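Participant: The primary structure of each chain is shown beneath.
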Amino acid sequence: MDREPKEALAALEALLFAAGEPIGVGRLAQIMEIERPAVWQLLEELKEVYAQPGRGLTVREVAEGVQLVSKPEFFPLLSRLGKNREVRLSNAALETLAIVAYKQPVTRSEIEGIRGVSVDGVVNTLLDLGLICEAGRKQALGKPLLYATTAKFLEIFGLKDIASLPGLDSIRDSRQPEAEAVTLFGEQED
Amino acid sequence: MALSVKVEAFEGPLDLLLELIEKNKLDIYDIPMAQVCRQYMEALERLPVFDMELGSEFLLLGSTLLYIKSRLLLPKQTGGDEEDEEDPREKLVAMLLEYRRFKELAAQLLDRQRAASLYYSRPALYSALGEKTLEPLPLVALLQALAAVLDESGEALGYIEPQSYSMEEKMEEILHLLRQARQGLDFARLFDSGSRAEKVVSFLGILELLRLGAVRISQSRAFGPIYIFPKEAENG
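One line per chain: the protein sequences are B and L, in this order.
Heads up: the first sequence begins at 0 in numbering that gives the first Met the number 0, then just goes up one per residue.
Heads up: the second sequence begins at 0 in numbering that gives the first Met the number 0, then just goes up one per residue.
What the hints contain is simulated information worked out from the structure, not anything from laboratory work.
Source: prediction; values computed, not measured.
Treat each hint with caution, since some may be false.
Below are the DSSO-like pairs computed for lysine-lysine, each with C-alpha atoms no more than 27 Å apart in a straight line [what the hints assert, rightly or not]:
1) B:70 x B:82
2) B:137 x L:102
3) L:22 x B:159
4) B:46 x B:82
5) L:90 x B:137
6) L:198 x L:90
7) B:151 x L:102
Start from the sequences, fold in the hints, and give me the full structure.
Facilitator: Listed below in structure tokens is the structure:
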């Protein structure tokens, strides 16, 4: 595409506005008919523009994509307008979500093994909220369902991707040798 | 007791145990079992009785604690290569440590969620443009969709009452029929009606009657009709 640079920037801004939800850079490149590095370049420029005083928006990298959002300093102001779409989670739900996030894919009984209580209700709540999803079945006795986190989880918790979960390395390193059968992120070699 | 806790506030037995250990500043790697057992049991007594499910999980850990305590009281097994005599608390400690780590991670997640919620965003405006991200759906949603389709086509999904037949009853019934038909009963007629399950039970009933010697079966030629006769009619 041989647009004027300024025009491309405006186009990207309009796209991000219409997308609303996090959108992948690959998809932006496809729509704008330019290369990915060019999209990244434009995103950097857009961020610089938004960093100027007098702008209320910013671009954040979240859920394996980018998203146009309001600047966090306007949160108190925007709260007066109305509450942010927030998902209130109980401690039980948060603990269960943490286990799914760090150990995914994981079965219900594996979650129960860690929490020491039945998790049926909590798992169903998280499924209903769209924070976790079914992710196949484990090749084990009874072929139990496996659960993993969703893109919505990443968005709500402001995570770029699963690899950017805080403290993920400590969980990986401490994994017992017996648990290595769980091919977690498919990249573990040690 | 010095320790006062609201059991309702606990997520589960491990949570309660962890709280006891932390409140009393105990060494998680060297848990004084007698003290922990006593306090755990006291906390159990304050459990609301109505939640059977949760209650049983609290009891399960309680019994584990008592078991560990009893193991510690017993003299160590001597003889054999008991060099690596395992501390009975080891497994419990591993469970507690893992649970505690996920509790901490859950707290970190909550922090992240709070930080992320400072950004306001809007839902997508482009669904009319076609391409919509496919969200992973639970199986339940698929079943509901199927049920809705079946509903529209008028084929209501009904509940099928289970039917059970007892072989004793069938045997009685066959004997009753035989008493009325001394000339013999057409084997095929016994299977004229009834569900598959009922037919199976009838057949088993006949086999059992044969085994008991209560009936006799005869067939005049190959592939001809089979007749069942009562044994006592023959004798008497």
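Participant: Provide an ascending list of the numbers of those earlier hints which the structure does not satisfy.
Facilitator: Structure breaks hints 3, 6.
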